[in-house]
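Chains as they are written, first to last, in numbering that gives the first Met the number 0: chain A, 0 to 413; chain B, 0 to 234; chain C, 0 to 454.
Simulated from the structure, these hints should not be mistaken for laboratory data. Yeah, the Cβ is synthetic: ideal placement off N, Cα and C, and Gly gets one too. Please note: incorrect hints may appear among the correct ones.
What the hints assert, rightly or not - Sample of chain C residues at the chain A side, in silico, Cβ under 7 angstroms: (1) ARG57; (2) LEU60; (3) THR62; (4) LEU68; (5) GLY102; (6) PRO154; (7) PHE158; (8) GLY268; (9) GLN319; (10) VAL330; (11) ALA345; (12) ASN399; (13) VAL401; (14) PHE410.
As the list claims (entries may be wrong) - Simulated restraints on C-beta separations: (15) B:GLU74 / C:LEU453: 55 to 61 angstroms; (16) A:ILE383 / B:PRO45: 53 to 59 angstroms; (17) A:PRO289 / C:PRO151: 22 to 28 angstroms; (18) A:VAL353 / C:PRO151: 36 to 42 angstroms; (19) B:ASP177 / A:GLN311: 14 to 20 angstroms; (20) B:PHE17 / C:TRP396: 53 to 59 angstroms; (21) A:VAL358 / C:LEU453: 28 to 34 angstroms; (22) A:LEU349 / C:ALA325: 16 to 22 angstroms; (23) B:SER31 / A:THR406: 20 to 26 angstroms; (24) C:ARG216 / A:GLU217: 52 to 58 angstroms.
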Amino acid sequence: MKLFGLIADNILRNPVRSLLTILGTMVLVFVVTLVWSILDFLNAATATRTSNFKAIVTERWRLPSQMPYSYAATLKEGAAREPGHIRPRDAMCWSFYGGSLDREKRTRENSLFAFALEPPKLLTMMDELDSLPPDQHREFAEVVRRLEQNRQGIILGRQRLEAIQKRVGDRIKIYSLNYRGIDLEFEIVGLFPPGRYDNSAAMNIDYLTAALDAYQRENGQPHPLADKSLNLVWLRMQDTAEFDRIAQQILTAPYYSNPAVKIETASSGIATFLEAYRDLLWGMRYLLAPAILVTMALVISNAISISVRERQVEFAVLKVLGYRPFHILSLVLGEAILVGSLSGLVSAALTFSVVNYVVGGIKFPIAFFGAFFIPSQALLWGTIVGAATALAGSFLPAWSACRVKVTDVFARVG
Amino acid sequence: MAQAQPPIVVVEDIHKFFTRGSERIDVLNGLSLEVPEGEFLALMGPSGSGKTTLLNLIAGLDRPSQGRIWVRGQEISSMSEGQLAGWRTRNIGFVFQFYHLIPVLTAYRNVELPLLLLPLSRAQRRRQVLNALDIVGLSDRIHHRPGQLSGGQQQRVGIARAIVTDPAIIVADEPTGDLDAKSAEEILDLLCELRSSLGKTIIMVTHDPRAAQRADRVLHLDKGRLTSEVPSAVS
Amino acid sequence: MSFLGLAVGGLLWGGIIPGLSHFVTAGTLLAVVIVFLLYGASRIPTSYNVLNLQVRWRTTLLTALAFTLVTALLTVMLAFVNGMYALTLGSGNPENVIILSEGSTDEGFSNLGFSDVNDIGTQPGILQEDGVPLLSRETYLVVNQPIPNAPPGRPKRRFLQLRGIDDPKIAARVHRVELYPGGEWFSDAGVRQLSDGQIAVEVVLGEGIARELARDRDGNGAKKIRLEVGDQFILNDRPWLVVGVMQSSGKTFDSEVWGKRSLIGPMFGKETYSTLVARTASPDDAVKLRDYFNRQYKRAAVNAQIETDYFASLSETNKQFLVAIAFVTVVLAIGGVFGIMNTMYAAISQRTKDIGVLRLLGFRRHQILVAFLTESLMIAVAGGVVGIALGCLSHGWTANSVVGGQGGGKFVVLRLMIDADTIALGLLLTVATGILGGLMPALRAMRMSALDALR
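Here chain A stands alone, though its shape is the one from the complex (with noise of 0.2 angstroms):
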């Protein structure tokens, strides 16, 4: 630690190398933190849970699944019909409701999607919405209620908000896209709390039901999707063991043949989608990232090895006061990984910030995520990819200069 203050004092020694050194490595950290986290998230999303995770319901063989409403009730019971059946812990219907502001021209912005849905399942069965912090949670709940009480109301992400240039309170009218025919007024109760739902929406189901009985009422037949507007029922589930019994219960019921139904994990759900970008996100994990982390090394050993040519004589004088080739290894490969670690760690708490709290998330046509976020891990792979890369890329350097040999340096055979 004695050597630290040398350490710190040779970053200082050509300011403009040290900082295009940080520099090279923060952007590079930079594109390593939004690949990783987009990754990461993916990893996370498909990881096998055994307790306390969600399971969802669809239409057996089609995509996009559509199930009759007529459905849903026995599904959020888990199908449970005999003594001994176990129910869910919970569950939440999803009917899929999107058009947009202008009937005649449909653009990115002035579209919607909404969930239907019944809006206290907003609070304990939606991905992170079941787990904000106390205050978040108590603010939403607000604005569930909000929805709970106006069947016309909608919540919508914050982005779609600014997108559709609107606010809490406005009215809006959707001329529907998937149902036709079905145009709906609404009030906007409210927002999603920040991050992954900013481009959601989400309504009443009971607004689509009854906007779907009136049509048929007014129409004198149903809607082509009247009996096709049950999208996804989730159940939580406690274990895998209640997991097992519940789909069979659902698989065995007599309820569902036409169309029949398939049960899965969420997580094995997800990875089924994201099988279609399998080739992206392998290039993304091992092409990309690693090229990256390797360009990183690259600048950071060209940085330390023009440091350390320009020291050869340095280096020497050590030596003779006394250094040891450890000492010397250790004053090399410490500035490396002390500038190494910090860029890194800055980058990633710029990234992090930048783009959770200004950006909104990485915007990435990945399967049906809107947006990625970075985690607050990032903040560790940042310091640690940067401290790993920078050991990486000036060991050789490193080596080099502790092998100086001081009779070669002051070589003058006088």
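Place chains B and C on chain A using the hints.
Showing chains B and C alone in chain A's frame:
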């Protein structure tokens, strides 16, 4: 010149050669030498005579191809490189022609460098550094960097760094080679002072006859052998 | 300059990614001009730079390697997006009109009733052959297929895109798809009895999905590259028999399974048609037919599009990927700029004396500038060219992905594709980075006064 106590440096029939490709270059050929404690010895000789090599061997920077060297009763010619490094810190102070200070460090931190290797507290290090800088007369320049000091002042910092661990022997390779006459005189005064008041043994390689004059004894080398031994006029 | 030929090639040879071409050609031209100006302006022999690079071979190598990696990445990523564009731009025929139900942006959501479909077939403007209108009547479905022997940790299902076809001969004519020799289109019945007595659904596979399905067969026996005629797979708990493999590379059909519509549709609960594709005599006739269906045809509300436009509208994802790649590339290039700046600053501080001597000999400031810029360009281009060459190795790799627009998408198997644009863009990046990174150090070298430099 007869001394009651044993000599501090004993060089016994050393040979040193380098190989360049297939060619063998003999630098030192069977040289023997004794240096009594507290002597100020000057080594002179033309380029290639082996004087710097001899200095490096005595200072433990290099090992002889053949022959043995004792310093303060220890045979350094048989020590490993690692042992030598630790031994140097405690026993040898170096003064270079081009000072070789580390440009990013202040005078204080340059002088402190060898002490970082010893088990000393920060306060102990501080006391020794300030003491060394006081001896060389640079107490008012401790926070200057080498670039802000004159050549003579830089060499004083170099000397302070050489004595900060309180070594018995100071080796100096052309310590005045890069200085003007006045600064050179001051540096030589300082070296004499180190010998007389601190009792350091000083071995100096030089081209400069005036510098050599200040030594107790001058040895001439040529082609790796001692050619003559001249007691200095001054002593 | 070795890359001149490549750059000129880029000018002559159009690329695939739309809109990119002009940008790339202009940029490359600019880069070439800059390099030549530099080359002409400097009187300092290039060998001086080359020798210096050799002397500092370690930093030169490290810097060039960083360039190699960055350009190789860029090239592979561009080849990927190129492959996506090749699919969306190469899938349709300009003489074809695709008809979906009104409001459907994607085949998956489209519903066309029987009677409407029959009526549409009788409309004028559709090319006739032997008295039969060239109108392919199809139902597009995405279904879940449980994957047999799914290895642990891998998904247990995949999405399979099925296309139910009324008449495969007409579909083949309309879509201009042919089978590999040895295959045949499925029969009118669409099923065949297997030797074990089971009834198998006859299907024709796109080449991409034939390879994908062959993955299930890993493990015992010889590893198959793709399913061939006579092979079977399981879907909906019954056997499906491959009777043909389509020469579908470069089209979205590559990832589809085609079978008899009257069998497949009802099997998965889709009784109606999703898609009609009509062949007309020429692209102009196709425009007329499209307008007729969209404006005058009243019997059913339909959405008619030229087939090429329809597939082009699926390029939304491509654009997003392109933006992501551009972003990553720019950031990486910035990293490269910092790297080369380090190298060049060091080169200059090491050679301060050289600069002084050159100036004393009468070389002008701008010649010093050019000499050092040339050097950084040399490093960048050497690294970049190797990187592009490495990236070119990815040409022809297949990868699965999704192409799509608003509200719909298709699972596709694409081929990574290197073309003149990819190469030109890689070079452009290289040259730009080399110049940007070399400029500030070279300016410093230029500003040195001869006497200061020699001191």
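Hints, verified against the model:
| no. | hint | in the structure |
| --- | --- | --- |
| 1 | ARG57 | holds, 6 angstroms |
| 2 | LEU60 | violated, 9 angstroms |
| 3 | THR62 | holds, 6 angstroms |
| 4 | LEU68 | holds, 5 angstroms |
| 5 | GLY102 | holds, 6 angstroms |
| 6 | PRO154 | holds, 4 angstroms |
| 7 | PHE158 | holds, 6 angstroms |
| 8 | GLY268 | holds, 5 angstroms |
| 9 | GLN319 | holds, 4 angstroms |
| 10 | VAL330 | holds, 5 angstroms |
| 11 | ALA345 | holds, 4 angstroms |
| 12 | ASN399 | holds, 5 angstroms |
| 13 | VAL401 | holds, 5 angstroms |
| 14 | PHE410 | holds, 5 angstroms |
| 15 | B:GLU74 / C:LEU453: 55 to 61 angstroms | violated, 49 angstroms |
| 16 | A:ILE383 / B:PRO45: 53 to 59 angstroms | holds, 58 angstroms |
| 17 | A:PRO289 / C:PRO151: 22 to 28 angstroms | holds, 25 angstroms |
| 18 | A:VAL353 / C:PRO151: 36 to 42 angstroms | holds, 39 angstroms |
| 19 | B:ASP177 / A:GLN311: 14 to 20 angstroms | holds, 19 angstroms |
| 20 | B:PHE17 / C:TRP396: 53 to 59 angstroms | holds, 56 angstroms |
| 21 | A:VAL358 / C:LEU453: 28 to 34 angstroms | violated, 51 angstroms |
| 22 | A:LEU349 / C:ALA325: 16 to 22 angstroms | holds, 21 angstroms |
| 23 | B:SER31 / A:THR406: 20 to 26 angstroms | holds, 22 angstroms |
| 24 | C:ARG216 / A:GLU217: 52 to 58 angstroms | holds, 54 angstroms |
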